[in-house]
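S.K.: Residue numbers (the working numbering), protein chains in the order written: chain H, -16 to 279; chain G, -16 to 279; chain C, -16 to 279.
Simulated from the structure, these hints should not be mistaken for laboratory data.
Misleading hints may appear alongside valid ones.
[Stated by the list, open to error] Think about it this way: if two alpha-carbon atoms lie no more than 20 Å apart in a straight line, the pair counts; the simulated EDC-like pairs of lysine to aspartate or glutamate are:
(1) Lys17/C / Asp178/G
(2) Lys19/C / Glu135/G
(3) Lys18/G / Glu70/H
(4) Lys18/G / Asp84/H
(5) Lys17/C / Glu25/G
(6) Lys234/C / Glu181/C
(7) Lys17/C / Glu276/G
(8) Lys255/C / Asp84/G
(9) Lys19/G / Glu70/H
(10) Lys207/G / Glu104/H
(11) Lys17/C / Glu104/G
(12) Lys224/H / Glu70/C
Read off the chains here:
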Amino acid sequence: MSRFRHLISIDDLSKDDIEYILKKADEFLEIAIKKKKLNLLEGKVLANLFYEPSTRTRMSFEVAMKRLGGDVINMGSVEATSIAKGESLADTIRVVENYADCIVLRHYREGAARFAAEISEVPIINAGDGAGQHPTQTLLDLYTIKRESKLERLKIALIGDLKYSRTIHSLVKALSLFNAEIYLVSPPSLRLPEDLMESAKCVETDLKQAIEEADVLYVTRIQKERFPDEEEYRKVAGSYKITAEMLRNSKAIVMHPLPRVDEISYDVDNLKNAIYFKQAFYGVPVRMAILSEVMG
Amino acid sequence: MSRFRHLISIDDLSKDDIEYILKKADEFLEIAIKKKKLNLLEGKVLANLFYEPSTRTRMSFEVAMKRLGGDVINMGSVEATSIAKGESLADTIRVVENYADCIVLRHYREGAARFAAEISEVPIINAGDGAGQHPTQTLLDLYTIKRESKLERLKIALIGDLKYSRTIHSLVKALSLFNAEIYLVSPPSLRLPEDLMESAKCVETDLKQAIEEADVLYVTRIQKERFPDEEEYRKVAGSYKITAEMLRNSKAIVMHPLPRVDEISYDVDNLKNAIYFKQAFYGVPVRMAILSEVMG
Amino acid sequence: MSRFRHLISIDDLSKDDIEYILKKADEFLEIAIKKKKLNLLEGKVLANLFYEPSTRTRMSFEVAMKRLGGDVINMGSVEATSIAKGESLADTIRVVENYADCIVLRHYREGAARFAAEISEVPIINAGDGAGQHPTQTLLDLYTIKRESKLERLKIALIGDLKYSRTIHSLVKALSLFNAEIYLVSPPSLRLPEDLMESAKCVETDLKQAIEEADVLYVTRIQKERFPDEEEYRKVAGSYKITAEMLRNSKAIVMHPLPRVDEISYDVDNLKNAIYFKQAFYGVPVRMAILSEVMG
């Protein structure tokens, strides 16, 4: 019996559920590192329904499924476009649920995954629904923190766009379950929304202070589109960029959901602090845990 | 020894051939329902050459192949576009026949599949050639009718665009082999072509009468492009739309090749009459039968 | 222990290396012809990163990997486009190297594969980097020559665009290792660059002479874009076109990297001289040899 049938939002999971998944991911870590293959999901078929392009997420689900011995069928974003014209999401789900054992859905509309789960007879895993949720990202973030730092009594700094980043919002909620102390570092116009700030132990601070205090620096991209003009953007973005120089005396690990554009200097890559590529890799054992849970 | 080498047109099959395939599909039905895997085509490679986008057809071929233990390589429609610029279909076939054990071809040009079959050393399965044929659709339609109603002494109503729908044309020809009584329900401008009408036991009627008499209601989409203006279209399309209310006292099953746009009301979905998603699913065992026939 | 870790340029390989690969390809030829499957790379995952569309190359790598029992994940060119906007190639490589056991990279920028190899912890195989290299093409060309003609004391005519074709440039360098006599047949404006001409035993001649003397006719496409106007192009291109008539008394085999547009008449296809489709097929055993070498 699996703990959950679908995975739609991190909010649906208790602290216990989360710990269960992270522990399960540990069981698959060795397989993922050594790039071996289990036969746990032999004969099962995963359908990737991506209505928006994605590389990292789609490929890591595909690898996770294949390392478990299963098969994958992909609906590309081009096809999705042509579908979008004529067919309702409900109809597509009702067709694909008969082909596959599980559907990974990325959709441009918030709430799409929840809606799909309501009608689907096979498990739906939300791989991002517009401004909504992306729970496997949050789980791999938590897994990275657990492996590379610690989940209990964590001090974490969230840096960059805290207003619009769905990754940040989900992470704040999940971290509140673990009583993390959260340092918020953002431009005034991109502060964390009030309700989220109140849901966890949050304190606003500056980059220097954050680097001194935190165990984890979680950096997100500041998007140009949020600013009235490019000069204003550049001034702001520049002052939230992490460089090797800044980390000279710091033991904090640096995380980033990727893709990175300019918010972490390339000279950070070679420091021990840089964990972001490992973080992307942790998506494999975490997704193996989720896939085996809903289909196993 | 297989009964046929290529599958290009439903017209190439005798009644006996069709019954043979439908019976063979029965053997795979259990596997497809339980989503199990056979090793019948282990080590075989299917190449999907789709010059036009398709989700349902491509994915169901892919699932069918994987449930038989085989592998699939896909040529995406983007690549097809770039191929279309420079290379003849003949050259592409001559390259891909050396990579794969079977080619599923969807092409925008009528006759493309027949042409490909003439030069290919591996089996060609036509997955739609422009205004031409789409025989695996017809076979899954027949299989659905056989499973959910009956093939002999069938009364079937064909509803909507009977003039341009290639699905309808192929179905009429196939049904004539089984002596079906066919009720035709269409706008005056979208009537079934004369020669087809003469090839089977056809009678034109209205929607109400059809629902009362028929075992099967086969609905197709009426396309906006067929009408001089949008208002005219809406008036016509609206009067061929199936609703739950209409089916209140009917035992007729409702079929549709999908995608559906607006020609079957969503309140029909929960009725026992609604068979269209099951119909899409039957594409899997039927395609398993075909793939195992040409490659087994 | 493998002879090479990455495969970036044909220039990195000694004559001995090349002979080793061609010999290894022989071991896989039977498997490729009979379309069987080995389990040599069972459990391994190949990532196809194609930043430019490709059918032949991508599909033949995919088939080669599957015939060896491995799995493939594809990054399509659409996704690549969206990546190209935001993420550096280095970051993409650092993510994908953790997912896969080997990366096949096609990129629009010359030097991209070399750069990727410098940072990647898994083998990189160059599948074309802009105007740069495409070493698996050269290896399959050499394999074709070895199988269908002879590598030692070869007389080969290179016909068409000798100035811009990267396929031709790599082939000239490789053939110089085997002391081939090379006949150059091109429009004056598309002659082989001087330095390449000096690196091998080259002599410029005309098409008639070349056909009389050569064991192999290697034809490449003359691109319209190279000419000031279309009429000029047509005149020139027409005089380098190979027809069945020209080959009447010739035993020379005709090769072409494909896609062919108009430079070999279709009536050549049925002659014994026509080897170009076989040449495309030889990509499978050659790529099997390379994949098994870097991952085996």
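S.K.: Now look at each hint and say whether the structure bears it out.
M.R.: Verification of the supplied hints:
1. Restraint check for Lys17/C and Asp178/G: not satisfied, since their Cα atoms lie roughly 46 Å apart, outside the 20 Å limit.
2. A hinted pair counts as satisfied when its Cα atoms are at most 20 Å apart, and Lys19/C with Glu135/G does not qualify at roughly 43 Å.
3. In summary, the hint linking Lys18/G to Glu70/H is not supported, as the alpha carbons are separated by about 25 Å, beyond the 20 Å threshold.
4. Simply put, Lys18/G and Asp84/H have alpha-carbon atoms about 7 Å apart, close enough for the 20 Å limit, and the pair holds.
5. A threshold of 20 Å between alpha carbons decides the hint, and for Lys17/C with Glu25/G the separation of about 14 Å falls inside it, so the pair holds.
6. Proximity of Lys234/C to Glu181/C is assessed by CA-CA distance (about 28 Å); at most 20 Å being required, the pair is judged violated.
7. Of the supplied pair hints, the one linking Lys17/C and Glu276/G holds, its CA atoms being roughly 19 Å apart against a limit of 20 Å.
8. Among the hinted pairs, Lys255/C with Asp84/G is inconsistent with the structure: their alpha-carbon atoms are about 24 Å apart, more than 20 Å.
9. Distance restraint check for Lys19/G and Glu70/H: the Cα-Cα separation of roughly 28 Å exceeds the 20 Å cut-off, and the hinted pair is therefore not satisfied.
10. A hinted pair counts as satisfied when its Cα atoms are at most 20 Å apart, and Lys207/G with Glu104/H does not qualify at roughly 33 Å.
11. Using a Cα cut-off of 20 Å, the hinted pair Lys17/C and Glu104/G holds, with the two alpha carbons roughly 13 Å apart.
12. Under the criterion of a C-alpha separation no larger than 20 Å, the hint pairing Lys224/H with Glu70/C is consistent with the structure, at around 16 Å.
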